[in-house]
Amino acid sequence: MEGIDAFAESIKKAGSDGSPIQIKGGGTKGFLGYVAEGLQVLTTQSYAGVLDYHPAELIVRVKAGTPVGTLDNLLRSEGQMLAFDPPVHDATSTIGGVVSAGLSGSARPYRGAARDHLLGAGMVLHDGAYCEFGGQVMKNVAGYDVSRLVCGAYGTLGLLADLSLKVVPAPELEKTITRECSSDVARETVKLLCNRVSSLSASCYSGGTLSVRLSGNEQAVKATEEMLEGNLGDNAFWEQLDAQALPAFQNAVDVWRLSTDADEPLFDYDFAILDWGFAQRWLFDPKSDPRVGYAGSGHWTRVRHDKDRFEAEVFQPLSALEFALHRRLKSTFDPGGIFNPGRMYRKEGL
Amino acid sequence: MPINNQDFIKRLRAITSDIITDEERLAVYESDGLTAKKQLPGVVVIPDTIEQVQAITALCQSCEVPLVPRGAGTGLSGGAMPHHEGVLLVMARFNQVLDVDTSTRTATVQPGVTNLAISEAVSNLGLYYAPDPSSQIACTIGGNVAENSGGVHCLKYGLTVHNVKQLKVVLPGGELMVVGGKGYDTPGYDLLALMHGSEGMLGIVVEVIVQLLPKPPDVAVIMAAFSNVIDAANSVSGVISAGLLPAGLEMMDKLAIQAAESFVGAGYPEAAEAMLLCELDGSLEELEELIESVRAVFESNGCITFTVAFDALERQKLWLGRKAAFPAVGRIAPDYYCMDGTIPRRELANVLQAITDLSHKYELQVANVFHAADGNLHPLILYDANDGDQLTRAEAFGSEILALCLEKGGTITGEHGVGIEKINEMCLQFNRDELGIFHGIKNAFDHYGILNPGKGIPTLSRCAEFGAMHVHRGEERFPHLDRF
Chain A
367 MEGIDAFAES IKKAGSDGSP IQIKGGGTKG FLGYVAEGLQ VLTTQSYAGV
417 LDYHPAELIV RVKAGTPVGT LDNLLRSEGQ MLAFDPPVHD ATSTIGGVVS
467 AGLSGSARPY RGAARDHLLG AGMVLHDGAY CEFGGQVMKN VAGYDVSRLV
517 CGAYGTLGLL ADLSLKVVPA PELEKTITRE CSSDVARETV KLLCNRVSSL
567 SASCYSGGTL SVRLSGNEQA VKATEEMLEG NLGDNAFWEQ LDAQALPAFQ
617 NAVDVWRLST DADEPLFDYD FAILDWGFAQ RWLFDPKSDP RVGYAGSGHW
667 TRVRHDKDRF EAEVFQPLSA LEFALHRRLK STFDPGGIFN PGRMYRKEGL
Chain B
280 MPINNQDFIK RLRAITSDII TDEERLAVYE SDGLTAKKQL PGVVVIPDTI
330 EQVQAITALC QSCEVPLVPR GAGTGLSGGA MPHHEGVLLV MARFNQVLDV
380 DTSTRTATVQ PGVTNLAISE AVSNLGLYYA PDPSSQIACT IGGNVAENSG
430 GVHCLKYGLT VHNVKQLKVV LPGGELMVVG GKGYDTPGYD LLALMHGSEG
480 MLGIVVEVIV QLLPKPPDVA VIMAAFSNVI DAANSVSGVI SAGLLPAGLE
530 MMDKLAIQAA ESFVGAGYPE AAEAMLLCEL DGSLEELEEL IESVRAVFES
580 NGCITFTVAF DALERQKLWL GRKAAFPAVG RIAPDYYCMD GTIPRRELAN
630 VLQAITDLSH KYELQVANVF HAADGNLHPL ILYDANDGDQ LTRAEAFGSE
680 ILALCLEKGG TITGEHGVGI EKINEMCLQF NRDELGIFHG IKNAFDHYGI
730 LNPGKGIPTL SRCAEFGAMH VHRGEERFPH LDRF
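First to last, the protein sequences are chains A and B. Per the working numbering: the first sequence = residues 367 to 716. Per the working numbering: the second sequence = residues 280 to 763.
Hint data in this document are derived by calculation from the structure and do not stem from the laboratory. Wrong hints could be hidden among the right ones.
[Stated by the list, open to error] Once the Cα atoms are required to be at most 20 Å apart in a straight line, the calculated SDA-like pairs of lysine to any residue come out as: (1) B:K444 to A:E630; (2) A:K557 to B:L739; (3) B:K494 to A:L558.
[Claimed, not checked] So the derived list for chain B, only partly shown, Cβ under 8 Å to chain A, looks like this: (4) I294; (5) S296; (6) L438; (7) Y463; (8) D464; (9) D469; (10) P493; (11) S562; (12) D653; (13) G689; (14) I691; (15) G693; (16) D712; (17) E713; (18) A723; (19) I736.
Every residue, glycine too, gets a C-beta built ideally from N, C-alpha and C.
Construct the complete structure from the given sequences, taking the supplied hints into account.
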């Protein structure tokens, strides 16, 4: 037995044994969220491959265990791509993992998030039933939007078996431009580019340098490039940033992510990478607790926190009202609590 | 509690005096844009404040009285059709743009603000709100969220769900909850996405923060005529295959062209069997290149005329014909029934042909005007409600079109919602496990089932009555069980 039927059997058995499971793709996102010890592991890695791809439809339907790199190569061979820069932590990172964790890369503010490009999802539910939500068309409002709900749910609602994603034509040209400047100038520059139709597709400020990526046809890229008067950078920078492979990530013990309104004032952090036009802020070994100093409009996530990962909450806690609603949703999908228990909120079993 | 209970009305009146109970005035609200489905509401309430909405909702829950929210009532699937034993919550007074933040390019608006009013309010700042349903002059942003409305610019700029950052929602117990935020994500499950398209069944939207976009520097609208529908359909696929992403790409067939032309005089090619409107945006240099690419695709597919409009007034005139197509069709037949299915783009030519065949079978005319690039069909079935069984035939015709969309791998609704209209077809698209999840989600939000009951998600017994249930992978689950 293999594929969906095998998943269904394992899940039904886990339910009847009352023994929760950890859903695992390439296993490259163990640094996100809490992973309980001693769970049986259900891996999706062998469930890989493209189910349906008609480039003229701008849609690809793919099995969850497909490596992101494999999918990307296929799309690029047709002059297309996933618009949201799915992070590739290493060659084993799967598209199911990216969607389950709801991860989007540098292009997020300019081309949308993973969830924005998710059109449908096939799931194996707690009782082994295979269900399809959404579909393989651009517009679909039949039923509640379960596929987007599953995106970023860290596998706590069911096993994501296959997904249908919107793809876009790859830009003719992509260029990275860097420029030394103060954080104020950097923020104003990004804002200026955002407030006009431009070819901006990524922006990041760190260590006194603003890096932007421009995408589009030659004229459009050139027009923005001339305005910026910067130096030519390396496009590979963005993949490293998205994969958290830059030295700052690798050298820190304690990495925090703040997701906020881009206009939120900067705090006096020792060192930070300010991505997404200042809306995604990475902090490395901060001297003061970001949870204390931070009372802004956004939320925090502890990304790497080996020191006390089994004690602290990883994601910013929700309000009592939100938690109650989350628990009810969780028990709708997973009454026995067998899927990735506590991966998002340990105390709440979510 | 029965809706005409004097104690209930008294408690409602204590919250707001704006209550309608007399039949004459209730009749104004008897349907939304789906006029074939009518029902007098038990009582109409028109609140002014969020606190009143909270109190009304809590009261309805405690008395287990159905509550149906309503925006402008332009919905086409009967999502705002009133409940005879319930309260119709009219959000018309929530009509203010509260704040415009040019720094983050967002606007905070009340749910009763019309879609177009948002763009108008920020136009002088060089900004606009992208999703633009054809009813944008009247439909409200709250209703757009409830239906996850699309429009002619979806292909490039996305649906409502892609352009809303935050909602304030009143839950059935009366609690106020904020979903989403001014950043790009929030912790926990994506309730912001879940609220979109939930048809007022999970909560009542009382405030919306929308993302605004900078107006493109230059825009061109191409109008191209074709001597048959197949050529036009193939041109649509050709444009996408060529890696082009127009801001909008719409198709109209002969009947729709003629109806629109005689209604607004947009300068459409009345002799053509089909036409495409293709909007491109960007800098002038970009546009020149894009227009030539589109021209090459259209001409290789047999396009007979190709004109380009740059001037704002000319472009507006071209779009006016398209956006007025529904009322225009309304002028050539006593009644029309607007369908809304989505199919994979490659099936366009086949499905349009099949719709023509069905038109002969049911002996009813059909006009096609739709979002071609999204594969989102809007066949308008022409009928006369006063003539014998025409309405019944129109409904059967529509149902068959939706079944056809499903057969081709599509969906029964692209942007109009399920409402009351497509509740039976939901049984064709989803199996019992999937419907079970939908009911579970509804129950997680609205345990007493007071919000917009009977819409959106069919009960399993309704599906049994309809005589159809989606069967997945050719096998019925639990074959040993008796059917209901």
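>> Tell me the hint numbers this structure goes against, listed in increasing order.
In response: Per hint list: 2, 4 and 5 violated.
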